[in-house]
Every structure is written in C-alpha cells, then in structure tokens.
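S.K.: The residues making up each chain are set out below.
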Amino acid sequence: MEINIFQALLLAVMASLTSVIGALGTTYSWYTLSRPLVASLVVGLILGDVKTSIMVGAAIQVVYIALVTPGGTVSADLRAVSYIGIPLAVAAVKGAGLNPASAQGAGLAVSIGALVGTVGTVMFYSTATMNLIWQQIGWKAIDKLNYRIIYLTNFIFPLISHFVIAFLPTFFITYYGTDIVANLKEWLPMDGIPMKTMFTLGSLLPAVGIGILLKQVVQNPVDLIIFFFGFTLAAALKINLVGAAFVGAMIAFLNYKIIMVGAGKKSASHEEDL
Amino acid sequence: MEINIFQALLLAVMASLTSVIGALGTTYSWYTLSRPLVASLVVGLILGDVKTSIMVGAAIQVVYIALVTPGGTVSADLRAVSYIGIPLAVAAVKGAGLNPASAQGAGLAVSIGALVGTVGTVMFYSTATMNLIWQQIGWKAIDKLNYRIIYLTNFIFPLISHFVIAFLPTFFITYYGTDIVANLKEWLPMDGIPMKTMFTLGSLLPAVGIGILLKQVVQNPVDLIIFFFGFTLAAALKINLVGAAFVGAMIAFLNYKIIMVGAGKKSASHEEDL
Amino acid sequence: MEINIFQALLLAVMASLTSVIGALGTTYSWYTLSRPLVASLVVGLILGDVKTSIMVGAAIQVVYIALVTPGGTVSADLRAVSYIGIPLAVAAVKGAGLNPASAQGAGLAVSIGALVGTVGTVMFYSTATMNLIWQQIGWKAIDKLNYRIIYLTNFIFPLISHFVIAFLPTFFITYYGTDIVANLKEWLPMDGIPMKTMFTLGSLLPAVGIGILLKQVVQNPVDLIIFFFGFTLAAALKINLVGAAFVGAMIAFLNYKIIMVGAGKKSASHEEDL
Amino acid sequence: MSVKLTKKTKDQAFWWWYNGNLTGFTHQHMQTFGFMCAMIPVIKELYKDDTHRLRSLKTYTPFFNTEPQIGSMVVGISVGLEEARANGHEEIDDEMINGIRAGLMGPLAGIGDSLIPGTYIPILLSIALGLSTDGSPLGAIFYAIVYIGTMTFFMKYIFDKGYELGGRAVDVVIGEQATAFRESMVMVGTIVIGSLAASWIGVSTALKFDLGTYYNAAGEQVANVLRLQDTLNGIFPNLLSLLTVLFTWYLMTKKKMSPITVMLILVVVALVGVLIGFFDPGLSY
Amino acid sequence: MSVKLTKKTKDQAFWWWYNGNLTGFTHQHMQTFGFMCAMIPVIKELYKDDTHRLRSLKTYTPFFNTEPQIGSMVVGISVGLEEARANGHEEIDDEMINGIRAGLMGPLAGIGDSLIPGTYIPILLSIALGLSTDGSPLGAIFYAIVYIGTMTFFMKYIFDKGYELGGRAVDVVIGEQATAFRESMVMVGTIVIGSLAASWIGVSTALKFDLGTYYNAAGEQVANVLRLQDTLNGIFPNLLSLLTVLFTWYLMTKKKMSPITVMLILVVVALVGVLIGFFDPGLSY
Amino acid sequence: MSVKLTKKTKDQAFWWWYNGNLTGFTHQHMQTFGFMCAMIPVIKELYKDDTHRLRSLKTYTPFFNTEPQIGSMVVGISVGLEEARANGHEEIDDEMINGIRAGLMGPLAGIGDSLIPGTYIPILLSIALGLSTDGSPLGAIFYAIVYIGTMTFFMKYIFDKGYELGGRAVDVVIGEQATAFRESMVMVGTIVIGSLAASWIGVSTALKFDLGTYYNAAGEQVANVLRLQDTLNGIFPNLLSLLTVLFTWYLMTKKKMSPITVMLILVVVALVGVLIGFFDPGLSY
Ligand SMILES: OC[C@H]1O[C@H](O)[C@@H](O)[C@@H](O)[C@@H]1O
Ligand SMILES: OC[C@H]1O[C@H](O)[C@@H](O)[C@@H](O)[C@@H]1O
Ligand SMILES: OC[C@H]1O[C@H](O)[C@@H](O)[C@@H](O)[C@@H]1O
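Residue numbers (the numbering used here), protein chains in the order written: chain A, 1276 to 1549; chain B, 1276 to 1549; chain C, 1276 to 1549; chain D, 245 to 529; chain E, 245 to 529; chain F, 245 to 529.
Do not rely on the hints blindly, as some may be mistaken.
According to the in silico footprint, chain D covers these stretches of chain B (three or more CB under 8 Å from chain D) [what the hints assert, rightly or not]: (1) 1339–1348; (2) 1351–1361; (3) 1524–1536.
Far from chain E, by Cβ distances over 12 Å, these chain D residues were calculated [stated by the list, open to error]: (4) Lys251; (5) Ile284; (6) Leu359; (7) Phe386; (8) Asp404; (9) Ala450; (10) Asn468; (11) Ile509; (12) Gly526; (13) Leu527.
Hints were generated in silico from the structure; no laboratory data involved.
Every residue gets a Cβ at the ideal spot worked out from N, C-alpha and C, and that includes glycine.
Working from the sequences, and respecting the hints, build out all of it.
M.R.: This is the structure:
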C-alpha cells in the first residue's frame, strides 16, 4: 500500500497539532487526538481504511494506555506513534497481507509504534528546546507590556518549531517510509547500541522532570530530608500517591502547627477557616 | 424433634438476657452466655441433648470466633444465633437424621446460624432504638437528681425493649419454627434481594459506629487529616492496630511538644511525670 | 591427619589475635583475619594443605557471609570457627577420605563450624568480662593522668584475657581434638539441652546489645515511644535501616523545628548551615 | 479537711459499671447512662448538698463510649478526679474531666476491641473448641470460667490503677499540660480510629463491565473486563469504606442527623445498591 | 469602590489557559507563558494604568508547572487574588501570590498526573477499546466525546471554585498564617514529589558478575552470580533512581545548569552506560 | 593566639583509634578506652597544664559505642571540637561534646553495621568466594587487600571530614541550636535502634498447643493447633523480641544491673525456656 502526497501532508499536519505540547492544547491534542485509538480513526479516514487502521490503533493503544509525563518528561511522544507509526503499520500490515488482529499483525504494529515512539521523543525534546528562541522574544515583551508578542510567543511562534521538527519529518517519513519499514527491525535492532541508548535515556529522562519539580520546592539541602521521606514512602513502603499525600498532610499539619506556634499564635484559632 | 412450650419460654428468656446490650451486662451476657459454644451447653440442657447441641454450637462458634462490634455496630447479634439458631439447628439436624459432626450436619447448622444472625442484627438495632424512649425519661430525672429513675433507665426499663423485641420473637420462632426451618433456604436464598441487602447492610453499618467515634474526635474538618493518616496506615501499609497506636504515639508525642512549646514551657520539664 | 604441637601453637596464636575484640584491631583481625575464607589460607599454610583448607573455609564462609554484631553481641565468634573449626574440619574431612567439595565434605565442615562457633561465643563473652578487671586499673589511672596505664588497659592487659580464654583452649582442642571431632555430633546433638540452650541464648543476647544502645538514648520512659516507632517501622512495615533513617530524619526535622521555636528562634534562620 | 472515699463506695462504682456499661445502650448516648450510674454512689458520698451533686452529676452527661471492659480504667480515673475535686482542687472542672474522658475513649475503644474480642477471646475459644470436640461440655465450662475470671480481675485491676492515677493526676496533669496531653491522646485516638475503619469496614462493589475483547501486543485475544473495585483500589485501597465513613460522619456532624437516621439511610443505600447491582455480597449457604 | 471582574473576563482567562497551558512549553519556563496569557485579560480589566499592569504582569513571571488540567484551579485562585489586590488588599503582594502558586503546583502535579492520565484515562480507554474491538470507530468517538466533555466541565468547575477561594482567601490566609499554610503545602508537595520519583523513575543496572560457582552447606555446586541491581536494592529500593534525581537536582540547583544541558549530560551517561554494559533495557521487538 | 594541631598528632589520633577501637572492650564501657587513647595525643599537644589535660581527658570518660569504622568520623569531630575549645571557644563544654558524641553514635552504629558487615563485606566475599572455588588462595588474598585498602582509606577520609566539621561546628552548632540538633540526632538514633532491634533480634517461641480437632463450616475435621508464636505475631510482629529488649533495658536502666548480670539472667531464661519447651531453635546438623 502506498501513501500519496496529499495523505502524507494531512498526516504531517496532524503530527504538528498534537503532542503533549501540541498546538491544539493539552486536552484536545495530547489527551485526545494523539491517543492511538482516536488517532487511528483520523488516520483511517485519511488513508481510506478505517477498519484496518482502528484495529492497528487499538493494538498500539494498549501499550500506551497509562502513559504519564511527569514534569515535562516524555518517554514516548504519541504524535509520532500515532501519525507516523499507525499509517506505516497499516501499510506494512496490508503490504504483508496480514490480519491486523492476528498475532503477527498486532506484533508488527506494536513494533513499529515502539520504534517511532523513540523518534517522537526526540521530536518532543527538540521542539521544547527550539521554543527557547521564542521565549527570548516573549521575555523582552513583558517589560514593554506588549501583550501581543506574549500571545504570539505562547501560541503562534511555536508553530514554527512544530513545522521544522514535526511537520517536515512526518511528511517525508510517511511519504517515503512504506518501503523502508519492512527492514527497520534489521537496521535498528533492539540489542544494538542506538536503541539501547534510546530506551536507557527514556528511563533516565524522567529524573530531569522530577529534578525540575524538586528544584522548585527544595532550595535548602536540609529540605531534601522531606524528599527522601516521600521517596521512602513509595520505594520502601509501596504506598501510592494518594496515600503519600495523606501521610504528607499529617506531617504538614504538624509543621503548620509548629510555624503557627513560632509565630506566637495558637494554631487552634482560625484553623477551621482553612 | 419438637420444641415444647416450656423449652421455648426458657430459650426466649435467655435471648432477652444476652446480646451485646443484654440485661446481664457485657462480660456475662455478651462475651460469655451469647458465645455459641457456651450457649450450646445451655441450649443442650434446656432441650435435653447436650452432646448434639454442643456439636452444633461448636460448628457455629467457628464462624463467629473473632466477632468485633466497634462503636455499637453489630454484624450478627449472637443472641439470635445462639438461642434461636442453635435450637432450630439441633432440631433440623436430628429431624434429618444427620450426624452434627458430618459435612452436611455442620453445614446445615452454620446456614441456619447465618440466617438468624441477620434476624439478630435487626433485633439489636431495634432494641437500641426502643431504648431511646427510656432515655427520654432518664434524661429528665437528672435535673431533679432522681437517682432511682436513672438506675431504672439503665437497668430496668430496657427489659421492656428486650421483652418486645427479643423475648416474643424468640418464643414464637423456636416454638413454631422447627417445621419451617427446613425450607428456609428456598424462601430466603442467598442470591435473593432480601439476603443480599441484609449482608450488604452488614458491611455498611460498621461505618456508622466508626462515624460516631469519629464525630467525637473530629469536630474540625481539618482534623480529618489525622483520620486519613490512620486510615492510610491500615489500608495502604497493612499495619495492625497496635502498630497504628505506636505510630500514632510518635505523632502525638511531637504534637504534645508543639503545644507545650506554644504554652511557653519547655516540653522537657515534667515530661517524666507522665 | 594429625595436628602437631607446633601447628597447634600457631593456631592458638591466631585465635588470640583475631575475634571482634581481637588484639589486631577491628579492621585487620575481625573483618579480615577471622573471616573463614581468609583464615583458611592461614590455616592451610600452617597445616601444609592450602587447597583442602580453602575448600573447607569457603564452605564455612558461606554460612557467616553477612554476620553482624550489633552492640557487642556476637552470635558466633569467628575466631573459634576459623582457627579451631577449620583445622578440625580439614583433619576430619581428610581422615574420612572425603572430597571437601562434596556434599558430605562441605556438610561435615559446616557442622563442625557451627559447633565450635558456639564455643567461640562463650569465649567472646568471657574475654569481654575478664577485661573488666583491666578496666578497673585503667579507670584509676585517669585521675592520675597516667597515660601509660590507659594505653596498657586498652592494648596490652587484654592479651592476658586472650591467653587464658582463647590461646589455651585453642591449643588443647586443636592438639587433642582430631579424634574427638568424629563423635561430637553424638555427644552434643542439636536436639539436646546444651545445644538448644546455646542457640536460644544466641537469639536472646543481641537484645542486651540493643538494650545497651537503648539505655544511652532513652533515659526517660516517655522516649520509648520513639523506640517503639522505630521498631514498628522494621517489624510491621519491613522497612530497612536506611529507610528507617530517612523516616527518622523526617521526624527529627520536625522535632528540630519544635525545639528551635521553643527557643524563640525562627527555625528558618541558620538552617542552611547544618 | 480531706475527704477519702470508702472502699465500699469505690466497689459500688466498679460493680455498677461492670454490670451496666451497655445495658441501657442507644446509639445516641451509648454508655453515658452506664457511666452516670457508676458515678452516683461516688457523688452521693462526696457531696452532701444538692448544688454540688447536681453539678457533678451533670459532668457525666456528655456522650461516652469505649470498649467497656478496658474502659473501666476511665471510670476509675473519673472517681479519682471527682474525689480530688471534692477536696478543693479547683483546676478540676467539667472541661478537664470530660477532656480526659473524651481523650481516652477513642484509643481505648480501638485497643480494647482489637485485644479483647479480636485477640484474647479467639484464643480462649480455640482452646475451648478443642476441649469440646466430641460434644463434651468441658470447653464451654472452661471458657466461661476462665473468661469471666480473668476479665473480672483485669477490670478491677485497671479500675484501681485508674483511680490512683486520677488522684495523682491532679498534681501533674493540670492546666496547659493537661490540654496538651489530652489533645495528643485525641490525636492517637483519631489515628487508631482511622486504622480501625480501614481494618473493620470492608465495603466493596461487585460492579464489573464486560467490554468484549481486545488484541494485545502478542496478538492474543484478551477478555476486557473492568472491575470497578480494582480501579477504586488503584486510587486508594479500601476507598469505598473510607467514603462510607466520611459519609456517615458528614451526615451526623454537618447535617446533625441521629445515628438511627443515618442507619435508615444506609438501609436504603444497601437496597438500591443491591437492586442496581452495585453491591453483591456473593455469598451462598 | 470595589472592582468586580466581569464574567467575560473570567471566561477569557479560563479559555486562554485551557487552550494554551503547554503550547509554548520549554523546559526552562514550562507553563509560565501559558499562565501569563491567562492573566492578561484580568490585569487589563482590573488596572487602567501601566504601572499597576506591569507590576501585576511581572507577578506571574516566576516558573510555573503543574498538571495543567487540575491546575486550572491555581489559575482561578490567582484571578481571585488579583481581584482582591486590585480592591486594595495590601497584604496581597507578589510574594504571597507566588507562595500560593508554588505551594500548590507540586501537590497538584503529583495528584493530577496520577489521577488523570494515570487512572481516569486508562479507564476510559479500556471501555473505548472494548467498543472498537472489531475495528469499529465507536470507541474512538466515545472516548473523544466523554473525555473532552467531562474534562472541560471539571476544569471549569475547579477554576470557578478556585476563583471563589482566592477571593475569600484574603480574609483568612494572610500574614503568618499564609506563610505557615504555604510552607506546609510545599512540604506535602515535596513528599508527593518524592513518591512520584520512586514510582515513576525506574533506573536500573544490568550489570552482573559471573563469579564461577561455590559449594553450599549441602555440598551442592551453586552458581555465584552477583547482580549489582539486587545489591543496590538491598541498600535501598530503587536507589539508582534516587541518585539520578539527586544528580539532576544538583546540576540544576548547585551548578546552575539548564534542563537542556542536564538532558544532554544524560544522553552521554546513557550512551556510555550502554557501551560499558551498565545499562541494558533488555527489550526485544 | 590560635593553636593548630600538627598533622602528626592528628595521624596519631587516627591510628590509635584504628588499631584500638575494640581491643579493650567490655560490655560496661565498650569503646570508651579506645576513644580515650585516640584523644590522648591531642590533649597532650593542646594543653600544657594538668588541670586542662585532666578536664579534657575526663570529657571522654562517658560510655561510647558505635560501628567503629564509620565511627572514626566521631573521633575526627571530637578532635576538631577539642582544638576549638583549646582556642578559647567557651561554649564548647563537656556537655556539648558528649551531646554530639551520644547523638551520633546511635545512627552511625545502625547505618555502619548494616552497610559494612551487612552489605559491603558480603559483596566482597561473594566475589572472593568465586575466585577461590577450586581451593585457590586468590579469593582470600583479594578480599584481604581490597577490604583493608578501601576501609583504611574510607576511615581516614571521614576522620578528616569529621575534623573539619568539628572545627567549623563551633561557628554554627552552638547554644540552643546545638541542643536542638543533638536532641534530634538522638531521635534519629532511637528510631534506628528500634529498627535495628526489629531486624536483628529474632526471639520466638516454639510453644504450640495441640487441641484435638474441630469441625469447620464444611463439616471437615480440622486439626486445631494453637501456635503461640502466631498469636503473638497477630498482636504485634516480633513481639517477643520487643519484650526482650525492653526487659534488658529495664534491668539495666531501672534496676541498675550491669550488662554481664543481664546476660547471666538471659542464660537462665534460655535454659529454663528450653526445659519447659518454650524455646526450641529447631536446628539440626
Ligand atoms: O508533572 C506535571 C506536568 O508537567 C508538565 O507540564 C507536563 O509533562 C504535564 O503533562 C505534566 O502533567
Ligand atoms: O467500639 C467500642 C465499643 O462500642 C460499643 O460500646 C460496643 O459496640 C462495644 O462492644 C464496643 O467495644
Ligand atoms: O553496633 C555497634 C558496634 O557495637 C560493638 O562495638 C561491636 O559489636 C561492633 O561490631 C558494632 O559495630
């Protein structure tokens, strides 16, 4: 199966709009349009085979069903999974004459998804980095109270990043990629250095996201004690986040009382107004 | 086997005296006379077949071996289990010519126990509710320093509740019940609405008991934090109550120091007098 | 195989020097020379059969691989295991013509190790007790600023304890012991009172070590709350020591703030200097 | 001129409590009347005029509930405090006495319920069951004697300890220290009640959604069943029980409903829940 | 003379946030610009002179990041606070507003990430997958409608709640109480972030040493393999992840590196680690 | 006029400690003499008159015990503090120095014991065992060199760090802050000791009661065995160990017994326990 120029253009547009930092906003783009299941409907309409596309999309969706991106760290940017991976997988599956719901069909789809997922990760970090340029501009606009530039910085300039980093690659990969895809597993085997490094990086990067959050709350090294405590709750006690928040609230409650006592007020008063 | 009028009367008396709020007091009635094993001796003497009765009672006892009634919430009031359930089970087992120690015998006994246990639960809550009437009277006596009425309120008036709610039903059920019992499982199947609702209710009602305890210690919504913390200890960390008390003591120890510091005293002093 | 007088003397010297409180110091003696694996090399050189000795030593080492002696409580003093147990085991294994790496060979070695390990435990506690004599002397020297006696108390006098309690027994046991060892299992069976008591004692004694540590930090019974909390962390929550230290740090952090508030200072200040 | 209660009066207080701690139970006041009955002989002996008697009797009108056997300690403490108050310790007022009562009842309820019916009784019954295996009455007799014997001794012992403590408390636990101590005890109580809730309430839903099947990575067709209970546990273990307690607490505290009303509401909840398939105990005979 | 924001302005604030919370994302400032865009209409309506406008705009320049959907609450609160400030509440200064923003963003990030993409979305998707089993578009449509519908409603709802809270907060959360509250919220946030780190980072090493064999007590020949990861877990579970976070935190806080630089360092770490065999994800197609 | 210790003196302090931290061990004083021996060269160099020397020597007479290798840090700190005291810092008195010593010894004992013999040594030995599989001396040699080498380096390193810290501490950790810090360290120590107790003491009873059989709900005849240990674990895990520690603590603290006496008592306890069947290690060759 071939993907024509028009179809490739449409897919490239979709890839630009979605992503966690996609131009359509978190709720529409990241949490809806970039979910493989939803995307597979769009892709199916573009490619003209909704049924196959959705079967492929569903298989891929299962892998990413609980994808969380704490603190701006993305282990797989779904825009690539969805708008490069699904079309190529549809093409590959149909090319090989496989049933998309069969073991081989689903397996192939998921492999392609994993592969381009790492490509998406590169896209995500590149876009975020390129956006630094626009923020330079926006930052200067603040002092001049130039509201327009601020809005442009947040909404319009980043489209350039998306064009360069998502649109163009998506277009070329989907347009030329159908032939390549069959041999991808041989070119980029999972036990080769590139893929190993990519996936290792995927496990390391969330640390940066957490590190950024941590930087906000821990200025003083002594406060790391609190962080270690939270880490211990989950690592050693296997408590989940809601539980950690409950325990944290208990500790914070004592802390609140301490500060209030230090401020010379009985903590009892006003407490109920909280 | 038949239960005669005299036997039914004696059983009804016993049912009135026992229960968690029975007229003989917690230690004698609830924790001793209403335990199925102990009750089966009494029932055996009344019915004239100690051996069978104790075998039946032992089988039922196993089910209720660790029954706890936190905050006045009773999942099975043993007075019914013991003084309605055991006699009927003895009758049923002997009627069917079963060995009470056999699989069928013990199974039948336990089923009857479970069935009338729910009846007992209704008895318990009804009695406690009817007692509200007497407390109205008692409450007025306080201002008048009428000690006698206070004692009557706590010890004598509730006998009326027991008469109406425990004595009469027990008498009638044990007297007429032997024939019925055989078909009970068909009339009140476990997957029917009534039994399902009863047992669901049994799992919900303890929440009222805990709620009452909670009301005493948490006036201020912010104090719910402490409750959540305790809940987390048991729910997420699977700590038992003694452990929770230890952890709680640690937290309370800090709290004590905070309040003492707030009161302008060094917590260190006097501490040892605790 | 026989152990000659000269060999027995050398083994006795080694036994005097090692132990957790051995004359060569913690790092050299206890944590190096008394490890069965290291000791087996020394023993091998003394007995003239390095290969067999090391194979025996390795088998015994596995048993004591993570031996910890909290607060001066020793469940097995390795000096006996290493310098009595290994030589006797080598003799026994060779005497019986066993392969030290076979199931029977290793099993025999480990049994002998366990047996003399308990002997070593008696040695350890006896030595520590005998040292009390020297400390009497040393204690008096402090007021007189007699540095020499203080050094003698810590380094030289204890050699007398080691001579009496480790050197002599080791010499005699290794010299005469080779014949005896074969029948030891019959004389001191594991289900006999003496061995049962020894091992029970082994499980009780660490409590003294912990008790001594506890005495230092808990003068006031109310502080036991803190100890109970720590106990709960490990006993009920299965947290390890590093985790307990993290949780403890969190609690101590609040405590620090409380005391500082009590002292009229904002805890925030200076905090970063910690 | 110091008043000392006679042994007889103290014994009366103890036995009234022993026999009547739950006999007049309602969900509104629970053990309040039982407690009052225990205090009456004490009050009558300590005070001769009605004004003082009334004041002291009224001290014991607030809600009281705890595990009644271990709770005899609280009665002992109150007797000691009342005696001290009669001897002119003015710091001992209603607020202080009730503070201590309220502070202790939570922890003692939790600890007592889990140690007595939760641990001690099951042990005794296990032994007794062993003695009654073949229908012998031995087990029943053994249980009755041992339980009543040890429990009566235990209750009397901690009642006496409580009495001594109550008397001494005056010298120690007064003013701010009493407040700090009480508030901290309430804190322990609240934590214990939280654990109690999580251990003893087990509300769960039977709702599950059968969502056909899907194909997993290996291309296998997998049944896609969504069990609501699993999902809720993922959010927080035993979440439904937590919510149910909060719901009852909310109704009683914020909506000022009586426990009876709340129970009736739960009856409706149970019925509706069963009808719509949300609840299903899944039992069989 | 009190200023009240029009509904229109508040709606504008909400929708700017809704549509742009992450569109201008960089690792340096994350949601700072998105937040500012939401505040601009508010600032323009509340103040007519540039001095005040500039002051208020600059209030929102510090770093901001949270789960953006649950985070619409923070936007609501800020709108409420800004309105109060415009009405002359002088206690509301930059420090206070940013204290609240900083205090809330940690907890809300943790809670939001685990409840929305971690719990709610997987549930919806499970249902949707069931509806699409045979390649039917139903599941996709169902998911899109339900997710967007409920989420939009939810975001608007907590935005409004936040706005009310922000307005009321003035009367309550001021001065020392605000500080105490904020610091305590930050504490919860730090604890939650700690748990987050332990739950969501899974750095592990594949290094193992094959040390031949040894004979155990039973004389059996046993393979002697030392897995570094097991050893590290023995010291503390998930230790490598803890160290990695501390490392990134150290680089950014103490070495003042930007997140981008830190990421590049991690690329090198990953590559070197893979080359020397320390890291090995061990995956296969 | 400021006194600075020569490198030689500091080295002497270190090596006396290194070689003698446990050589004069008794259960009464443990590492007290070892610590004193390390301080003597320091005291001799810093003070020339006997009054000061005696005062400072006596500072180190209280009980001391910790994991001796990681504990070389405490020696370093004390050297630093002593130097500062000699330089006229009057805040540094016996109480302060001993406060810090006592505060650190608990945590370092727990951490040190679990990291060095509990973790590091087992790793080294595993490797060494691998090298000695066929009776080769390589493993033994490897272990001796690596352990002594790394440990000596480590001890010297943290001794030096401690010395610097001790010197600097003067400017920082004084007065109330020192008290607060010390008390909080003691708190960590107490918690760690609690965990230590639970992890390393495993007193358990073998007592079980064979109570015949009973019939369960399914009518099956079930063996009714009451294992006391299970019951005790139900009350609290590892309860017997907790009680044993409390017992030894009670004897030593409240009854002023020496550790030796307590040990003799435990010998009797063990013997009696074995005879009555309470204890039974259940081992076999
Ligand atoms: O972790 C909070 C938040 O951080 C970033 O803004 C993004 O990764 C979001 O997806 C995430 O919710
Ligand atoms: O929970 C404390 C207490 O509450 C009520 O009084 C009764 O249910 C008792 O059985 C119980 O012990
Ligand atoms: O527990 C701390 C410490 O106590 C004693 O000094 C000895 O048992 C050491 O081996 C141990 O490290």
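S.K.: Next step is simple, just say for each hint if it's right about the structure.
M.R.: The hints, checked one at a time:
1. Coverage of the stretch 1339–1348 of chain B by chain D holds in this model, with 8 residues showing a Cβ closer than 8 Å to a Cβ of that chain against a need of three.
2. Counting residues of the stretch 1351–1361 of chain B whose beta carbon lies closer than 8 Å to any beta carbon of chain D gives 0, which falls short of the minimum of three for the stated coverage.
3. Check on the stretch 1524–1536 of chain B: 8 of its residues sit with their Cβ under 8 Å from a Cβ of chain D, so the three-residue criterion for coverage holds.
4. The claim that lysine 251 of chain D is not at the interface with chain E holds, since no C-beta of that chain comes within 12 Å of its own (minimum 53 Å).
5. Even its closest Cβ contact with chain E, about 47 Å, leaves isoleucine 284 of chain D beyond 12 Å, as expected for a residue assigned away from the interface.
6. With a cut of 12 Å on Cβ distances, leucine 359 of chain D stays outside the contact zone with chain E, its closest approach being about 32 Å.
7. Under the 12 Å C-beta cut-off, the non-interface status given to phenylalanine 386 of chain D relative to chain E holds; the minimum distance is some 46 Å.
8. Residue-level check passed: aspartate 404 of chain D sits 44 Å from the nearest beta carbon of chain E, beyond 12 Å.
9. For alanine 450 of chain D, the non-interface assignment is confirmed: its Cβ lies about 17 Å from the closest Cβ of chain E, beyond the 12 Å cut-off.
10. Look at asparagine 468 of chain D: its CB is around 5 Å from the nearest CB on chain E, not clear of 12 Å, so calling it non-interface is violated.
11. For isoleucine 509 of chain D, the condition that its CB be more than 12 Å from all CB atoms of chain E holds, with the nearest at approximately 26 Å.
12. Non-interface status of glycine 526 of chain D relative to chain E is upheld: no Cβ of that chain comes within 12 Å, the nearest being about 23 Å off.
13. Remark: the non-interface label on leucine 527 of chain D is consistent with the geometry, its nearest Cβ contact in chain E lying 28 Å away (cut-off 12 Å).
When the structure is compared with the earlier hints, violations turn up for hints 2 and 10 and for no others.
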